[in-house]
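Q: The lines below spell out each chain.
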Amino acid sequence: MKPLLEVRNITKRFGGLTAVDNMDMKIFPGEVVGLLGDNGAGKSTLIKVISGVYRANKGKIFFAGKETRIDNPMHALKIGIETIYQDLALAENLNVYSNIFLGREKLKRFLGLIKILDHDYMLAESRKVLDQLEIEVPSLKKQIRTLSGGQRQAVAISRSIYWDAKLLIMDEPTAALGVVEQKNVLNLIKTLSSQDIPVLIISHQLHDVFSVASRLVIMRRGKKIAERMTKETTTDEIVGLIVGSIPGDYHDVNTDTAKGSDVNRRHFASKSGKNHRPKQNQG
Amino acid sequence: MMDKADFREILVILVKRWILIFLAIELVFFAVFGTNYLSLRNLQNILLTSTVVLLLATGQTFVIITGGIDLSVGFMVGFSGVICAKVMVSLQAAGISQSVAVSSGIAVALILGLLPGLINGLLVARLRVPPFIATFGMYGIAYGFAEIISNNVPIHNLPTLVSSIGHGYLIYWLPEKAFTFFKIPENLTRLELQNLVPIVPNVTVIAFIFVAIFAFILAKTRFGQHTYAIGGSVDAAERAGINVKRHLIKVYMISSFFASLAGVCYVLMFITGRAPAGSARLLDAVVAVVIGGASLYGGTGSIGGTIIGVLIIGVLQIGLVNLGVPTYNLYIAVGCILILAVLVDQFLPKLVHGKD
Amino acid sequence: MHKKRDRKILSHVARNWALLFLICLLILFSILGKNFFGLRNFSNIVLAATTLLLLATGETFVIISGGIDLSIGFVMGFVCVVSAVVMRDLHAAGLPQVISITTGCSVGILLGLIPGLINGILIAKLRVPPFIATLGMWGIANGLAWRFSEGFPIAFLPPRVRDIGMAYIAYFSPKTGLSFFSRPVLTERADIWNLMKIIPIPVLVIAILLVIFAFVLAKTKFGQHTYAIGGSVDAAERAGINVSRHLIKTYTISAFFASCAGALLVFKINMGVHTQYTSSYELFAIAAVVIGGASLMGGKGNIWGTIIGVLLIGTLNNGLMLMGLPIFYRYIAVGCILIVAVLIDQFFPELVYKE
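Chains as they are written, first to last, in the numbering used here: chain C, 2 to 284; chain D, 11 to 366; chain U, 35 to 389.
Quick caveat, the hints were computed from the structure, so don't treat them as lab data.
As the structure is a prediction and not an experimental result, all values here were calculated from the model.
The reader is advised that the hints may include incorrect statements.
[To be verified] Computed from the model, here is a short list of chain D residues facing chain U with C-beta under 8 angstroms:
| hint | residue |
| --- | --- |
| 1 | M148 |
| 2 | G150 |
| 3 | I151 |
| 4 | G345 |
We put the beta carbon where it would ideally sit given N, CA and C, even for glycine.
Take the sequences, apply the hints, and build the full model.
A: Okay, structure coming up:
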């Protein structure tokens, strides 16, 4: 099976600091992948490169098999890469449906001449997508600032779904939420996964990641140091890999990524029941 | 229990519209205590004196909603006024017909008036200069250039057409006799001239048209929506794909356009081009926008609110004159209303949510 | 690496750019202007800058705390008028000049603190944004000043006022030698012209105030807390600083300096007069503070920088005047310098936390 998203040799520098160092990663359709690592490991930078906020200094991005350049956020959105940041990037002073349609507002013609906002359409469509995801928000006309953390998260997710996200990236989705709301968001993620939409999650809440992600990618100091199938590892091992008390699988970027392809092979063995042998230059 | 909840609801609705109620109270107060306050002439007087502030405040509304501020409009009025007057005078001296001279003066002033806005926008959006500083810099620069162009002396001797537009009205009505547009009816006796009722100054019509257009843009179009979005969260706007830099530049150009328009109206009303014109109106404009519901942190505000804010100040100003009260009390009053406005806006959400 | 060293040099230049620019201006005007270079003119510059110096010093505290005070220009006018009125009335009542003058100043300055207190309460306790609170106070102070003066300058002040305003610490004349505080009596016109006047009294007073408050800002806990609040109100609160009380004190300091400027004005011009609308004192004060290195976000700036900013503006004023250029050019000049100041801050982010 072909990966939906593949990044190869991605490097991003800021002045003298190398935030992401020759990073490789694949995401397959329907997966939930957890991107883990300590602060400063480069996770946020990597997803900002994928979502177009930053441009990589080196490396390539492949989407649906084709090499793609992602130069700005709009670009990423057009391809179908939707990102939900830690601060949600919602405009507090606008209401729910305005936020869902932010930047892509639906217009209608006034007196046949001037294009104005089509509030009714946006309201109705937003209601539809919220219902589809079984999210409870009493009034879509209220300003976002009156909503709880979980509701805002839900609005942000609905926004991505409405715009036909092909890949959803989430940065610390459960960080500021209460227990019940955390569960709701995690269920939402599972729903997305069942609809074949891959999700890439960054989170420090290992427990949450373990409950939704099927595969884990661990970064340290800008490099990928390990990959594990969730079922085949423990939180202790992951913590060890993150902080460095357990050595990673990749000591040097140029060594064989055999272990990596091993992980992929076994992953798809479990999925399709057959023993696929990945091609050598796919690594 | 039902009554309490209802009462609360009514209270909330009232407080939300407090500026309208305040304006109404003001009008009633002056109608009772003043002389002929609600006469057509006096009301039109209010509109006329408020024109410059209204235009400045409209442009400023856009800027304040994005979380910025435009101090340069204080001297932009003089800047564009001086340019307008100078062009008119020069063309007239060159023998060109009045209508061409006047329209050229206006056109040149409006077009050149976009330039400071462009610079403001570039400074704020591309060079990340804080709006306060960028526009203050422009404020000084505009004043300097205005004085240079006018040689430090007010410009007079404008074409007579200016005065007929500036002091003219849309409609002239002689009860039961005549009804004309733009021109005073011909061949009137002195008695008839005295009874002539002028309705709606030309200058007000001009201002109103532009204010209405941009009120529509702010409230109904995508451009307006994005303006609010940027004020709410620049990050959210950027990540939603909005080109924030370009939008901000446009917003500052709108502000300086309205300031130039105010300058043109000043020239029409006072038949002179002066560099320091309108500098006192800058803070009135900001005050009006804030009274109208905007927050200096951005994200809220509306042209409707701004208009009411302008009227509150205008009604007060003319009202005090009408009562014979010294004008310094105006400053005190406006200062107090301003602070009151902010306090109300702050305690309003608590009032509303106390209900929930 | 050459690039790094160049960058370091450039950084040093940027750090002190205002001072360097001032020196360049001094040189430029000395060449282009008449009588620019000389003790007499330099004293003129400093004397003329005294008002702005006071206003800007108070403003420095406010801006470092992350706020802004727009009311200072009109508070100054208010105090000027009130002090003059008290002085005039007490003098007319027959009280000795010493009493009428000191009472006038004290009453004026004390009353002038009230707007500062109100500003502080509005901003700290009622969470009114500083821009608005001080804007409101701006209008109120102006209105009150106008009210007390009825629009006319207050005259008939005690005669000693004028003497103090024009007095210097020391005088030197070839004929009479060095004398302190009292102006030597000279009859020859040539001698009067050649009389060297050293340090006007007002400047002495201001210098003392500046030194005290610069010390407060740089070395005391109060100063430290001011910077802290400017950096992050949250952090300051959680560190146990009583932010509300501190802010009230800060705005009172600003009003104090504005009041001193107002009282000083009485001595300078021998009149009580309210501030004109177009004076833009507050904006020049803010400009001076920002040029001196402060950031409108707060947390940055110092008195020394403010002094340089004020001298820069004052030199520009004076130089332009001596060159025969109309005064309004200074608006253009100050506007440009202000923008340059901010741009420099942006291109050299390593200067962010300079002391």
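Q: With reference to the structure, classify each hint as holding or not holding.
A: Against the structure, the hints come out as follows:
Contact between D/M148 and chain U, as hinted, is supported at the beta carbon level, the nearest pair being about 7 angstroms apart and thus within 8 angstroms. Taking 8 angstroms as the C-beta cut-off, the interface hint given for D/G150 holds, the closest approach to chain U being about 3 angstroms. A cut of 8 angstroms between beta carbons decides the hint on D/I151: the least distance to chain U is about 4 angstroms, and the hint holds. With its C-beta approaching chain U no nearer than about 3 angstroms, D/G345 sits inside the 8 angstroms limit, and its interface hint holds.
Violation of the numbered hints given earlier is absent; every hint is satisfied by the structure.
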